[in-house]
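Sequences and hints are given; from them, build the entire structure.
Line by line, the protein sequences are chains P and U. Counting with this note's numbering, you get residues 1 to 116 for the letters of the first sequence. Counting with this note's numbering, you get residues 1 to 115 for the letters of the second sequence.
Derived by calculation from the structure, the hints in this document are not laboratory data. Fair warning: this is a prediction, and the values are worked out from it, not measured in the lab. Watch out, some of these pointers could steer you wrong.
Unchecked claim - Simulated restraints on C-beta separations:
no.: 1; chain 1: P; residue 1: Q80; chain 2: U; residue 2: A41; range: 24 to 32 Å
no.: 2; chain 1: U; residue 1: F46; chain 2: P; residue 2: Q84; range: 45 to 53 Å
no.: 3; chain 1: U; residue 1: Q114; chain 2: P; residue 2: A20; range: 40 to 48 Å
no.: 4; chain 1: P; residue 1: R22; chain 2: U; residue 2: Q14; range: 36 to 44 Å
no.: 5; chain 1: P; residue 1: R81; chain 2: U; residue 2: P115; range: 24 to 32 Å
no.: 6; chain 1: U; residue 1: Q14; chain 2: P; residue 2: P70; range: 48 to 56 Å
What the hints assert, rightly or not - As a list, the in silico EDC-like pairs of lysine to aspartate or glutamate whose alpha-carbon atoms are at most 20 Å apart:
no.: 7; chain 1: U; residue 1: K54; chain 2: U; residue 2: E15
no.: 8; chain 1: U; residue 1: K107; chain 2: U; residue 2: D24
no.: 9; chain 1: P; residue 1: K11; chain 2: P; residue 2: E85
no.: 10; chain 1: U; residue 1: K107; chain 2: P; residue 2: D18
no.: 11; chain 1: P; residue 1: K14; chain 2: P; residue 2: E85
no.: 12; chain 1: P; residue 1: K11; chain 2: U; residue 2: E42
no.: 13; chain 1: U; residue 1: K107; chain 2: P; residue 2: E85
no.: 14; chain 1: P; residue 1: K11; chain 2: P; residue 2: D56
no.: 15; chain 1: U; residue 1: K5; chain 2: P; residue 2: E44
no.: 16; chain 1: P; residue 1: K78; chain 2: P; residue 2: D56
no.: 17; chain 1: U; residue 1: K71; chain 2: U; residue 2: E15
no.: 18; chain 1: P; residue 1: K57; chain 2: P; residue 2: E71
For glycine and all other residues, C-beta sits at the position ideal for the given N, C-alpha and C.
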Amino acid sequence: GAGVSQSPRYKVAKRGQDVALRCDPISGHVSLFWYQQALGQGPEFLTYFQNEAQLDKSGLPSDRFFAERPEGSVSTLKIQRTQQEDSAVYLCASSLIGTGDAETQYFGPGTRLLVL
Amino acid sequence: DQQVKQNSPSLSVQEGRISILNCDYTNSMFDYFLWYKKYPAEGPTFLISISSIKDKNEDGRFTVFLNKSAKHLSLHIVPSQPGDSAVYFCAVAMYSGGGADGLTFGKGTHLIIQP
Numbered sequence: 001g002a003g004v005s006q007s008p009r010y011k012v013a014k015r016g017q018d019v020a021l022r023c024d025p026i027s028g029h030v031s032l033f034w035y036q037q038a039l040g041q042g043p044e045f046l047t048y049f050q051n052e053a054q055l056d057k058s059g060l061p062s063d064r065f066f067a068e069r070p071e072g073s074v075s076t077l078k079i080q081r082t083q084q085e086d087s088a089v090y091l092c093a094s095s096l097i098g099t100g101d102a103e104t105q106y107f108g109p110g111t112r113l114l115v116l
Numbered sequence: 001d002q003q004v005k006q007n008s009p010s011l012s013v014q015e016g017r018i019s020i021l022n023c024d025y026t027n028s029m030f031d032y033f034l035w036y037k038k039y040p041a042e043g044p045t046f047l048i049s050i051s052s053i054k055d056k057n058e059d060g061r062f063t064v065f066l067n068k069s070a071k072h073l074s075l076h077i078v079p080s081q082p083g084d085s086a087v088y089f090c091a092v093a094m095y096s097g098g099g100a101d102g103l104t105f106g107k108g109t110h111l112i113i114q115p
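Okay, here's the thing in structure tokens:
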């Protein structure tokens, strides 16, 4: 079946520009996660949704970062007034239920953001 | 301070031999452990997982071992194949508090399988 998809795959932005990154989770998956992966590092947790509710946004690095999932399926990560340190790969993952039992998260291919 | 450490940035193994990738974590409250494999320009692909109630989980050529007292996790690949060449990430989560959890990742180990 279809996996997690993300668009665009690559984005170049000028410093100060706003960007929006889209994630389509696996159909029927309740939980959705965003991660940021800097070069040479492992992914770092940004935020988590269960359906449309954003239950954890503790990893968002600043108030320039905003995520939403209004209908409980597609999610958008928005970065306002981008800075060079925002350059990274942004990964989206989804999991089936999110009831508190341990579950596997399935990742999309990521969006590579370069801020000039 | 890193909660998950993969101390070998790279590892080179001959085809057909065993590859052993290691991971250490600091918080004994972590109770779910996963290994992901990543090719360039792709997202991480789930390989295998283990919960804290077990000390071993096997899936084909892949076996994960968990030593809770040492807070140590390892992935064994036997026999190693050229397609196994990739970056391997160890990830941990804490589910005891209820609700889904963001994963905490190590920095990865680049495994190179030599023919």
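Hint check:
1. P/Q80 to U/A41: 24 to 32 Å: holds (27 Å)
2. U/F46 to P/Q84: 45 to 53 Å: Roughly 32 Å apart at Cβ, these two residues miss the hinted range, so it is violated.
3. U/Q114 to P/A20: 40 to 48 Å: holds (43 Å)
4. P/R22 to U/Q14: 36 to 44 Å: Holds, at about 43 Å.
5. P/R81 to U/P115: 24 to 32 Å: violated (49 Å)
6. U/Q14 to P/P70: 48 to 56 Å: holds (52 Å)
7. U/K54 to U/E15: Violated: U/K54 and U/E15 sit about 29 Å apart, past 20 Å.
8. U/K107 to U/D24: With a Cα-Cα distance of about 11 Å, the restraint between U/K107 and U/D24 holds, given a limit of 20 Å.
9. P/K11 to P/E85: holds (14 Å)
10. U/K107 to P/D18: violated (29 Å)
11. P/K14 to P/E85: Distance of about 12 Å is within 20 Å: holds.
12. P/K11 to U/E42: At roughly 15 Å apart (the allowed maximum being 20 Å), U/E42 and P/K11 satisfy the hint.
13. U/K107 to P/E85: holds (18 Å)
14. P/K11 to P/D56: Violated, at about 26 Å.
15. U/K5 to P/E44: holds (14 Å)
16. P/K78 to P/D56: holds (16 Å)
17. U/K71 to U/E15: Distance ~29 Å between U/K71 and U/E15 Cα, so the pair is violated.
18. P/K57 to P/E71: holds (18 Å)
Of the numbered hints listed earlier, those contradicted by the structure are 2, 5, 7, 10, 14, 17.
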